[in-house]
Structures are given as structure tokens and as C-alpha cells.
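Asker: Sequence:
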Amino acid sequence: MTSLSTITGIVAFVSNNSFIDGIAFDGMRQHLAQDFDAIYVLDLGGNIRKNTSNQAIYNVFDIKVGVSINLLIKRKEGNKSQGQIYYAAVGEFLRKEEKYAYLQKSQHWGGVDWEEMKPDKKHTWLTAGLQADFETFIPMGSKESKAAKGEATGAIFKIYSNGVKTNRDAWAYNFNPDELAANIQRIIATYNEQTRKWLDCPDKSANVDDFVTYDDAKISWSSTLKKYLQQGVIVEYDQNHIRQSLYRPFTKSRLYFDAYLNDRCGQFPYIFPTPETEKENRVICVVNEAQIPFSSQITNYIPCLHYGGRQTQCFPFYTYDKDGSNRQENITDWAVDAFREEYQNPAISKWDIFYYIYGLLHHPTYREKYADNLKREIPRIPYAPDFESFAKAGKRLAEIHINYEQQPEYPLKFIENDEVPLNWRVEKMKLSQDKTQLIYNEFLTLAGIPPKVFEYRLGNRSALDWIIDRYQVKIDKRSGIENDPNRLDDEEYIVRLIGQVITVSLETVDIVNNLAALE
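Numbering (our numbering), first residue to last: 624 to 1142.
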């Protein structure tokens, strides 16, 4: 503990608590420990994303982000080594009144029961739950392998990428390609008009934020789009930029895939440069963030940045040039040699390794044991005793997850309301309280949903829950844009999809439950 007589200065503040364990704040924690002699953090919790009520009832300020009280101390003699870090946490799910009572009882710094933290080499302060052997596994990807010129070593995949970040999802995505085209043409027309006015403006020192016209029904500005305006870039609409995308788990949507109207395309101009590459390429997507459970889904379409509810890292099997030529396998030769040597099997192929990884990422023991590690970094892959069984399981999982629309429908019971006309249109579906029935619309209820369906989860939701959440008519409040999942050319698509996703979920649970032991 710090003696008050030795203190020369204190910085005291209340802030968002995400810096305590967020990966993005590794550097900040490093410098705090370097710049201050002692750090005291009282974590009051209250992050709305960590509770299921979707209400800020556990937050001392009735806000959505977590809160901490922070004391940063400098001593008179100066910092001669890494600062000492002390931490205390009020229960995450204590209601705000209980947290007020705790603060009232503690009164001051001396009334808190502090625990000294021992950061690891990555400047992680809260190391409880992290498994040390995780560091001995092969990383799926690394910044070093990604940056390497020529052959890469030390990782399984040469490159990886976030999913596409549009910064204007309501405009850039739509179930209906015609609606998407109309929305994009409207935003392009408004943008080009504003750009031409900027080019005609004699005073280029004008603040672009004050210069542009804000009309939510015509355009959605971002800092990147304003930068293009200042550069005088005129954007042309191209029908070929309308591509198929995986917006959320088992939710295909049309995307206007464009360097100017997507804030960040990542590496996807080299992963799915053309629709033809969708026929052969495969991408393992993973979501590993502190706020939701780890998840993984394979796809053959361009994924959204937040496909699983948070930022996505994507590992493709192939990469290409921007015109779709020069196909390259993305699994490193170094990784192939490592796997062949480990299993003493020269016949192991890159596709075998790819499917092995997908199977292993679904293993319950792997997910549970390394849950805290997976919240902090890209997955690392251990050698399981039985390579072949994992590769086989992963291949089957990939087949049903990519081709989910071709799977047989689970035989649900159709309960029809004779008092209303036959209708396949969805507005907003809802599960019954016991989750055995799905109220599809006023005309139809689907009964006989097996409980096991909900065991297959991607993040905070089951696959079926994702379908219920995404396949509803939504109107964006700011732009007024409607996104309607109903298909006029295939009116029964959604009800068929529900049965198919149930089938996929049940088989996934069976495959996962029968995976071989990891140790």
C-alpha cells in the first residue's frame, strides 16, 4: 500500500471501465504502469452487455458502459520500476443501490479491500482464468506472419482480416437487391452533389463538417466519406458491386461492396474479389471479445464486421488478386510441416488442417478451458490426440453450416389459424414462453421445437434466436430505410429456413458432443 507521506501527486477520476481488461487498451495499461508508481482501480461494473436484462439497473449512473473509480499516484522519489497495481471489484450484478451502499460504507481509499495485480508480459492486469499452456499452441494468425514478405512462419494462416465495416449498414445492406440499389444510388447522388459544391468552393480551408448538408434520408456521412469529398472523389454506381454477404449467423443479405461506401473492406478485395471465388473459397470467422462467449462460423460469402454480434476475425483458405486471378493457399507451408511432423503423417493436407481447426474451435472443453484466453486474443490451436476425427468432424460441420439452405427441414407441426387467410409473410416472430413453439405470424404457429436446438449457440444467441432476431421487417429510425426479409419470389423461404436451421443446429450439437477428447 502507498504511504500518503511519500506522495507528490494524485490523479483521481471516474471513467468507463473498459480499459481494465480490454485488448485495445493493452498499450494504455503498459504506459499507466510505467508512468505512475501506484494505481488503484475500483471496478463498479455495470456494463449492460454483460447482463441479460438489457437495462442499466446495475450501473451507478444508469448508463450502458461499465464504470470505475481510478486513483493514479506519483511518489516524490520518482518511479524506479513498474508501478504497483491494486484492484477491487464491486459485484457486477449488484443493483446500483447496493453499490451506493458499498461506497457509503467504504467512505475512502483506506476502506477498500485491495488486491495487488501482477500483470503478464502482454500487460494484462486481470489474469485470473487465463491458462498458461494456451501460449504454447500455434496461433491461427499473427501480425508478424501477416506482415512477412514471402514465406511466413510461426502461424497457421498467412493473412486474416476483420469483416467488412461499412459505417452505414442501413444503407449498404438490404435483403432486397433492388431496394439496396435504390438506396445506394440515392446516397451516391447526394455525395457527388456535395463533392461538386466543395470543388467549386473557393475557400478550401472551410470546415468540411460545417460545409456538408446533413439529411438522414439522403446520406449517411462518416469521416472517411468526408475525406473522399475533400479529395474531390466522384463515386460511380456499379451494379456489380452488389454482392452476397453473411450479415449475421445464417443470415444472408445483399451488400454494396465498395471501397468508397464501405469504411473498411479489410482484406476482402483479396479474399472474395469476385462472385466466382465464392464457389471455392471458405473463410473461418471467429468472434473473440470480452463481452460475449467465443463463437465460430464458416462462410463462403463476405462477412460483416459484426457477424456474431461483435468484431469478427476471418481466416480464408484462399487469397487472390483483385481481379480474382492468382489464387494462393493461405495456410502456411510452415504450418503444414508442423502438423505433419507432430502426427508423423506426410499425407496431411492444408484442407485437412483447415477442417481440423474448424472442428476444434467447436470443442466444448477447448471453449470452456480457454474462455478467458479467447476473450483476449486470436485463437491458438493445440494438437489433439486424434487429428483425423477432428478433421472429419470439422468438414461435416463446414458442409452443413455453409450449405444450410440445402439441408432437410425439421418436421415441425404447423398450427394454422382458420380465421385469417393463408399468409407466409413475417413481420416479427416470437417464441412461446417454453420455447417449444414459434409464433410465425397471425396465421401460422410452428410447434414441436426440440429443446436441444438452443444448445447450438453463436455468441449470446442460439442459431434459431439469430433467425428470429434478423428475419423481421425493420425500419431504420434515422434514414427511414426499410429492410424486409420477405421474398416475393419465394414466399415460403423463411418458414423453410427455420426448419433447416433447426436441422443444422441438432446435427451440430450431436457432432460437437461426439468430438474426441482433447487430452
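Watch out, some of these pointers could steer you wrong.
[Claimed, not checked] Derived Cβ-Cβ restraints for the label pairs, each shown as a range:
{"#": "1", "residue 1": "1050", "residue 2": "680", "range": "25 to 33 angstroms"}
{"#": "2", "residue 1": "1029", "residue 2": "974", "range": "19 to 27 angstroms"}
{"#": "3", "residue 1": "853", "residue 2": "1101", "range": "44 to 52 angstroms"}
{"#": "4", "residue 1": "823", "residue 2": "860", "range": "30 to 38 angstroms"}
{"#": "5", "residue 1": "968", "residue 2": "862", "range": "25 to 33 angstroms"}
{"#": "6", "residue 1": "736", "residue 2": "1101", "range": "42 to 50 angstroms"}
{"#": "7", "residue 1": "862", "residue 2": "680", "range": "42 to 50 angstroms"}
{"#": "8", "residue 1": "1018", "residue 2": "727", "range": "53 to 61 angstroms"}
{"#": "9", "residue 1": "1043", "residue 2": "903", "range": "24 to 32 angstroms"}
{"#": "10", "residue 1": "1070", "residue 2": "903", "range": "48 to 56 angstroms"}
{"#": "11", "residue 1": "808", "residue 2": "634", "range": "31 to 39 angstroms"}
[Claimed, not checked] Within a straight-line C-alpha distance of at most 35 angstroms, the following computed DSBU-like cross-link-like pairs (lysine-lysine) qualify:
{"#": "12", "residue 1": "687", "residue 2": "1053"}
{"#": "13", "residue 1": "1036", "residue 2": "998"}
{"#": "14", "residue 1": "788", "residue 2": "697"}
{"#": "15", "residue 1": "722", "residue 2": "741"}
{"#": "16", "residue 1": "849", "residue 2": "1100"}
{"#": "17", "residue 1": "788", "residue 2": "769"}
{"#": "18", "residue 1": "820", "residue 2": "772"}
{"#": "19", "residue 1": "820", "residue 2": "1015"}
{"#": "20", "residue 1": "875", "residue 2": "722"}
{"#": "21", "residue 1": "1058", "residue 2": "1015"}
{"#": "22", "residue 1": "788", "residue 2": "1036"}
{"#": "23", "residue 1": "973", "residue 2": "1036"}
Just so you know, these hints were derived from the structure itself, not from any lab. Just so we're clear, the structure is a prediction, and the values are computed from it rather than from any experiment. Using N, Cα and C, we set each Cβ at its ideal position, and we do this for glycine too.
Asker: Please check whether residue 1018 and residue 727 have a Cβ separation lying inside 53 to 61 angstroms.
Answerer: holds, 59 angstroms
Asker: Is residue 722 within 35 angstroms of residue 741, Cα to Cα?
Answerer: holds, 26 angstroms
Asker: What's the verdict on residue 687 and residue 1053, does the C-alpha distance respect the 35 angstroms limit or exceed it?
Answerer: holds, 26 angstroms
Asker: Is the straight-line distance between the alpha-carbon of residue 1036 and that of residue 998 35 angstroms or less?
Answerer: violated, 40 angstroms
Asker: Measure nothing beyond the straight line between the CA atoms of residue 875 and residue 722; if it is 35 angstroms or shorter, mark the hint as holding.
Answerer: violated, 43 angstroms
Asker: Between the alpha carbons of residue 788 and residue 697, is the straight-line distance 35 angstroms or under?
Answerer: violated, 41 angstroms
Asker: Taking the Cβ atom of residue 736 and the Cβ atom of residue 1101, is their distance within the range 42 to 50 angstroms?
Answerer: Holds: the Cβ-Cβ distance is about 46 angstroms, inside 42 to 50 angstroms.
Asker: For the hint 25 to 33 angstroms, verify it against the beta carbon of residue 1050 and that of residue 680.
Answerer: holds, 30 angstroms
Asker: Check whether the Cα positions of residue 820 and residue 772 lie no farther apart than 35 angstroms.
Answerer: violated, 43 angstroms
Asker: Is the straight-line distance between the alpha-carbon of residue 788 and that of residue 769 35 angstroms or less?
Answerer: Roughly 20 angstroms separates the two Cα atoms, so the pair holds.
Asker: Taking 35 angstroms as the top limit, are the C-alpha atoms of residue 820 and residue 1015 close enough?
Answerer: violated, 59 angstroms
Asker: Take a look at whether the Cβ-Cβ distance between residue 1029 and residue 974 falls inside 19 to 27 angstroms.
Answerer: holds, 20 angstroms
In summary, the structure is inconsistent with hints 3, 4, 5, 9, 10, 11, 13, 14, 18, 19, 20, 22 and 23 from the numbered list given earlier, while agreeing with the others.
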